[in-house]
Structure formats: structure tokens, C-alpha cells
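The listed protein sequences correspond, in order, to chains A and B.
Throughout the first sequence, residue numbering follows the working numbering, covering 1 to 250 in sequence.
Throughout the second sequence, residue numbering follows the working numbering, covering 1001 to 1360 in sequence.
Certain hints may be false.
[As the list claims (entries may be wrong)] Here's a subset of chain B near chain A, in silico, CB distances under 10 angstroms, partners left out:
#	residue
1	Ser1003
2	Asp1011
3	Arg1014
4	Met1018
5	Val1093
6	Ile1096
7	Ala1099
8	Thr1180
9	Val1183
10	Gln1184
11	Gln1323
12	Gln1325
[What the hints assert, rightly or not] Each pair of labels, with its calculated beta carbon distance range:
#	chain 1	residue 1	chain 2	residue 2	range
13	A	Thr7	B	Arg1020	26 to 36 angstroms
14	A	Thr116	B	Asn1127	51 to 61 angstroms
15	A	Ser224	B	Arg1020	44 to 54 angstroms
16	B	Ala1273	A	Ser224	46 to 56 angstroms
[As the list claims (entries may be wrong)] If you want the ones that stay clear, here's a sample from chain A, every Cβ over 10 angstroms from chain B, calculated:
#	residue
17	Phe15
18	Gln18
19	Thr26
20	Arg97
21	Pro101
22	Pro140
23	Glu153
24	Arg215
25	Arg227
For the record, the hints were derived by calculation from the structure and aren't laboratory data.
Each residue gets a CB set at the ideal place from its N, CA and C atoms; glycine is no exception.
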Amino acid sequence: MNDMTATDSLVCVKFVQQTDGTPGRTLNPADEAALAAALHHRTTGKVTVLSMAPKSCEAGLRELLARGADKAVLLCDSHFAGSDSYATSGILAEAIRQLGPFGLIFCGRRAIDGETGQVPPALATKLGLPCVTNVLDMEPRSDGILHCRRLLEEGVEHLACQTPAVLSLCEYSYPSRAPSLSDLRRAKGKQVEHLDAAALGIDPSACGLAGSPTRVEQASPHTSGLRRVTQLDLDTFVETTAKLFREVLI
Amino acid sequence: MLSQIAQKHADACRFCWMCRHLCPVGLQTGKEANTPRAKGLQLSLTQRGSASFDANMAEGMYECLLCDACTNDCVTGFEPPLYIREARTQAMVEDIAPAPVVQVLDNIERTGNIYGEEKPTFPSKDNAEVLLYVGEVAACRVPQLAEAYMRLLDKAGISYMTLEQEPPSGAMLGDLIGFTQEVQDQGAACVKALDASGADTVIVLDSYDAAVMRQRWPEWGLSAKAQIITATAFLDQLVQEGKLKLRSLNQTATYHDDSRAARTLQEFEPPRALLAAAGIALSEMFLHRDLAKCCGSSLANAYMPQITLLTAQGRWHDALRTQAQLLVTTCPQSMELLGRAVPQDMELIDLYTLLERACE
Chain A
1 MNDMTATDSL VCVKFVQQTD GTPGRTLNPA DEAALAAALH HRTTGKVTVL SMAPKSCEAG
61 LRELLARGAD KAVLLCDSHF AGSDSYATSG ILAEAIRQLG PFGLIFCGRR AIDGETGQVP
121 PALATKLGLP CVTNVLDMEP RSDGILHCRR LLEEGVEHLA CQTPAVLSLC EYSYPSRAPS
181 LSDLRRAKGK QVEHLDAAAL GIDPSACGLA GSPTRVEQAS PHTSGLRRVT QLDLDTFVET
241 TAKLFREVLI
Chain B
1001 MLSQIAQKHA DACRFCWMCR HLCPVGLQTG KEANTPRAKG LQLSLTQRGS ASFDANMAEG
1061 MYECLLCDAC TNDCVTGFEP PLYIREARTQ AMVEDIAPAP VVQVLDNIER TGNIYGEEKP
1121 TFPSKDNAEV LLYVGEVAAC RVPQLAEAYM RLLDKAGISY MTLEQEPPSG AMLGDLIGFT
1181 QEVQDQGAAC VKALDASGAD TVIVLDSYDA AVMRQRWPEW GLSAKAQIIT ATAFLDQLVQ
1241 EGKLKLRSLN QTATYHDDSR AARTLQEFEP PRALLAAAGI ALSEMFLHRD LAKCCGSSLA
1301 NAYMPQITLL TAQGRWHDAL RTQAQLLVTT CPQSMELLGR AVPQDMELID LYTLLERACE
């Protein structure tokens, strides 16, 4: 995996539910930026997109082929269902080992559904690669050193890292590109490659719910910070305000 | 074939038939296949393997004005133009688009406009703060509308310029082949030209251009430095500021809202305010404002003139029922289309020529 001369790159993508209530799934916004960055910095190598998702997401991967990706791989197996970020990063790492070597591995910094942001660093750890999170932009140099700007809570950090590396891109950091007619014509003959647990040589107990240490015990809507607004008629308003004043002043 | 989101919009149609009562092409041709719901059904069947996307189906996808009347009235919130545009992209990719459509694409590639002609230029002043974006339809087919507008600007004391080489905004190509990278590249070149002009305000004559500039360009990450305003809204400001004084013409007219101004830009008050300022009593058509029935588009007219003649006649039928003698519009494309079918008892006039008559 740690081939410093590799020119191919890989983009990990996730398809999330639409946020506007319309049906269907859409590409996670930060993953859009990750793909755009990979295509923007492509020189001689090929760009592969990789997603662990149900079979219904194959159409989404085909769209990414039309947008300029050279190869699309779908990791699809019922054993993968319910995987948390730990198990997911393990499955992705195994697939990347099989599909590589890659000079750069791009991810979105977080998915808008889970919002953990854990997969890119976990993936880097499992692959034994450096990881730069929250990348805003970057400049690959010919000496194999990558210069990045990354977003911090109170500023921007400039840093350099060796490649191969895992990068997690900020949403909208690289503008996404629509496919051209020639892109679409080129993508027509391409197929999405499928890999399952057996093809990856993954023990089913290491993925899905069985391989996930995370347990969600309870989920509840948050209430703190929410404004409570009551509409009052004028008389009630005067009465309520007077009562509040009395409570505060006395 | 379609993007996931477009496929969902096609699959999720409830087939309630409400859109067939508003679709100008469906109403005028009487073809069930021309209703938005039928187009959705066909594409949905394609995805399920029950039908193939062939030249016949592709032709049907082009028999649509992309006027958004169906979207505007869809109770379930689905957008037929979304999948119709993508089906057009697919027709181009599969090389099954109708020959007249391919001819129009060829015209755009050669000359930048749907007519395949050299676009006329208009008088221009250097370094003005205001730039008038004329658009291909006004320049090539309805120059009298553009010239009337320029005379109004002169009367209001507005110094303006036009571009000698006016690049397309992406509106026509986007309707023809869907919003592919080629269309976004056209938009980017147009932004570059507008920015290079140094203007701080760009007045746009054709609402199709204004709609793509205001709605699509930001989606594509494009932004012009200048403020973009429609010609009608700019004129309304001039009247409100007292820079253009109008006398009462004391006439009755009906007003045709074009689909992009009415539905994409939601701009129906400025033309009505201008008509009122010129003493024009308005007799509204049955479908007006955001419900307005499209009379056809210049793009559709370039590849299916028989159908756009029918849609223009359909709109004239609505106008005749108002019993007004004058039909007013601000849209160069409507002027081109409605101009093909003016009935004996009515006159077609663009708002700017009418306002010129009212100028003191």
C-alpha cells in the first residue's frame, strides 16, 4: 500500500438521504468536494470511486463515472449492514489494499447523516498512512510532499505531509463539475465493479453489527437551546408581562 | 440513465393528471404522450426495463417548452423539467435526438445562437456603468423591442453600453441538452465578459437569460460582479424615481407573463406597475402571473415550429376572451412566437414600445 510512486487516487463516497424531504439518496456534500479535488489534481493516474452501500446506490456510482471517475467499485454484502465507523473503516481498508496502490485517498470530512468524521482517520490508521483532516485545498509537489491548508476551529493551518496519504475534504472546498456530453459518452460502456465480504476475504464477524463495538442505546431529540415561543393576545401579554416584572422586581 | 434524483422525480409521480390541464403542449396537441405525467411514466418504465429509450421517446422529450407550469401546480412537489432535461442529455449521448434538434445544436456550436446567424450589434457607449444584455432572440428576431428599450434609457438619461461580442448565457443550450459541463462553460464565459465590461449593473432583456443568470449560475459556482436586473424591473425603478415620466394612454390591454419571468423569477408586479403608470387598464387572461400559459419558446420554435404555432394560437385564444384589443408582453421570445399568429381583432405590442408612446 505504501507505494510513494503511485499516481492513481481513490475517493471514498457515501450516499445519504436527501435533506429536503424528497425521496432518494444523494452524494454526501463533503464527498462531492473529495471527488472534485481528486479530479482537479489528477495528472497521469486514474481516479477510482469506492462506496460501501446497498445495491440501489449503483446508479449513483454510475453518475460519478460520468463525472470523470475512471472506475467505480461498490462494496455490497448483507454482512456489511449495520457497520459502525470502526467496522466500515476496516472494510474500506481491505478493499483499498486489494484495489491499490494509490498515491492519495480522498474522503469527505464527515457525512451529514452520522456526522462522526471518524472514518478517514480510522482508515489511515488501518492502512498505516498519514492523515490530514478538514482539508480546504492542497498542492501536490513533484517531490512527493503534499502541501495542505486545513480548517481549524480558530484559523487555518498550513502543513506538509508525505504521500501516500488519506485526506478528508471540507464541504464545498472544491467546486463540483457537471459531466460533459463527451464524459457521458465515455461513461456509457463502463460498469460498476461489485465486491462482497468473501471477495475481500473479510470474516463476517469483523463487519456489520457483529464487528461494530458501537451500540446506540438511546436516541432522543435535543431540547436545549430551543426557543419556546408562545403567541399571546394583547390582554394576556399585558397580564403575563406584569406578572414577570413583579417576579423580577420584588 | 437518469441521475438518482431525476429518477425519483419520474418514479414518484402520482399520475393525478393535474398537470395535463396546464401543459401548453399537451393541451394544444391533445397527445397524451405530451403530458408531463406521461413523460415521467415513460422514463420510469425505461428504468424498470419495460420500455427502451428510443428515438420516439427522445422526440417526445423535446416536445416540451420547459415552462415549469407542471412543477408550479404539482401537488406532490415533483419537477418534470428535471427529468425531461436529463432525458434530453441522454438523447444527445445516445445520438437519438431528432434531426432538427441536432441542427439547432450545430447552429449554437457554430455561431453561439439558435439561428446560426451572425448576431447584429447595437450602438454602445464606452465605460458606461450600465450594460444592456440584449440576448440572441431580441438581437436576431425582435430588434425593435431592444431599440425601443434603448430609447427609453436615453430618455431617462441612463448611459449604457452593449457588448459587441455578446456571449450566450447558457439558457438556450441548457434547455437543448440539459445542464452539462458545456452549458456551465458557456455561463462561465459570459460571466467573464460581463466582468470585463466593468459595468456595475447588467440589464437583461430576455427573462430566459435572466433566469439562468440568477438561478443557475450560483448553483454552478458562477457569480458576476455586477448586479443583474431584468429590463422591466429596471424600468419600473426609473419610473418610481421620476426619471421617466409617463402620460396616460387611457387604453385597455391584456398582459402575457412569460414563463421564466413569472415562475422562475416570480416577477409579475413590475410590468403591471408600468402599465398602470401609463394609464393602461388591465384585463387579465384566465391563466396569468405564476399560472400563465406559455406561448412557446424561440428554442422550441427553431426545431418544432408546427407545435409552437399551436401553442401561440392557444395563448391568443386566452387573450381574445379578455376582449382587450391589445396584448402586451416584455418577452422577446413571446414577441417572436405570438407574432406568428396575431388574430385580426387584436394588436401585439411589446411593453417598451408602448411606454415610448406614453413618454411625455
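Cross-check of the supplied hints:
Interface hint at Ser1003(B): satisfied, since its Cβ lies 6 angstroms from the closest Cβ of chain A, which is below the 10 angstroms cut-off. Taking 10 angstroms as the C-beta cut-off, the interface hint given for Asp1011(B) holds, the closest approach to chain A being about 8 angstroms. The beta carbon of Arg1014(B) is not positioned within 10 angstroms of any beta carbon in chain A (closest approach about 12 angstroms), and the interface hint is therefore violated. With 10 angstroms as the threshold, the beta carbon of Met1018(B) stays out of range of chain A, its nearest partner Cβ sitting at about 19 angstroms, so the hint is violated.
Annotation: interface hint on Val1093(B) holds; nearest CB of chain A at approximately 4 angstroms, less than 10 angstroms. At a threshold of 10 angstroms, the smallest CB-CB gap from Ile1096(B) to chain A is about 13 angstroms, leaving the interface hint violated. At a threshold of 10 angstroms, the smallest CB-CB gap from Ala1099(B) to chain A is about 17 angstroms, leaving the interface hint violated. Interface restraint check: Thr1180(B) against chain A, minimum CB-CB distance 5 angstroms, threshold 10 angstroms, status holds.
Because the beta carbon of Val1183(B) sits about 8 angstroms from the nearest beta carbon in chain A, less than 10 angstroms, this interface hint is met. A distance limit of 10 angstroms between C-beta atoms decides the matter here; for Gln1184(B) the minimum to chain A is near 5 angstroms, and the interface restraint holds. For Gln1323(B), the interface hint is violated, since its Cβ never comes within 10 angstroms of a Cβ in chain A; the closest pair sits about 43 angstroms apart. With a least beta-carbon distance of about 46 angstroms to chain A, the hint placing Gln1325(B) at the interface is violated under the 10 angstroms criterion.
Judged by the Cβ atoms, the range 26 to 36 angstroms given for Thr7(A) and Arg1020(B) is violated: they are separated by roughly 54 angstroms. For the pair Thr116(A) and Asn1127(B), the beta carbons lie near 55 angstroms from each other, so the given range of 51 to 61 angstroms is met. Ser224(A) and Arg1020(B) have their C-beta atoms about 50 angstroms apart, which keeps the hinted 44 to 54 angstroms range intact. Checked against the given bound of 46 to 56 angstroms, the beta carbons of Ala1273(B) and Ser224(A), roughly 48 angstroms apart, stay inside it.
Under the 10 angstroms C-beta cut-off, the non-interface status given to Phe15(A) relative to chain B is violated; the minimum distance is some 8 angstroms. Gln18(A), annotated as away from the interface, has a beta carbon of chain B within 10 angstroms; the closest lies near 7 angstroms. Annotated as non-interface, Thr26(A) brings its C-beta within 10 angstroms of a C-beta of chain B; the closest such distance is 6 angstroms. The non-interface label for Arg97(A) is consistent with chain B: the shortest C-beta to C-beta separation is roughly 29 angstroms, beyond 10 angstroms.
The claim that Pro101(A) is not at the interface with chain B holds, since no C-beta of that chain comes within 10 angstroms of its own (minimum 30 angstroms). Taking the minimum C-beta to C-beta distance to chain B, about 22 angstroms, the non-interface status of Pro140(A) holds against the 10 angstroms cut. No Cβ of chain B approaches the Cβ of Glu153(A) within 10 angstroms, the least distance being about 26 angstroms, so the stated non-interface status holds. Taking the minimum C-beta to C-beta distance to chain B, about 31 angstroms, the non-interface status of Arg215(A) holds against the 10 angstroms cut.
At the 10 angstroms boundary, the C-beta of Arg227(A) stays outside the reach of chain B, the nearest C-beta of that chain being 28 angstroms off.
When the structure is compared with the earlier hints, violations turn up for hints 3, 4, 6, 7, 11, 12, 13, 17, 18 and 19 and for no others.
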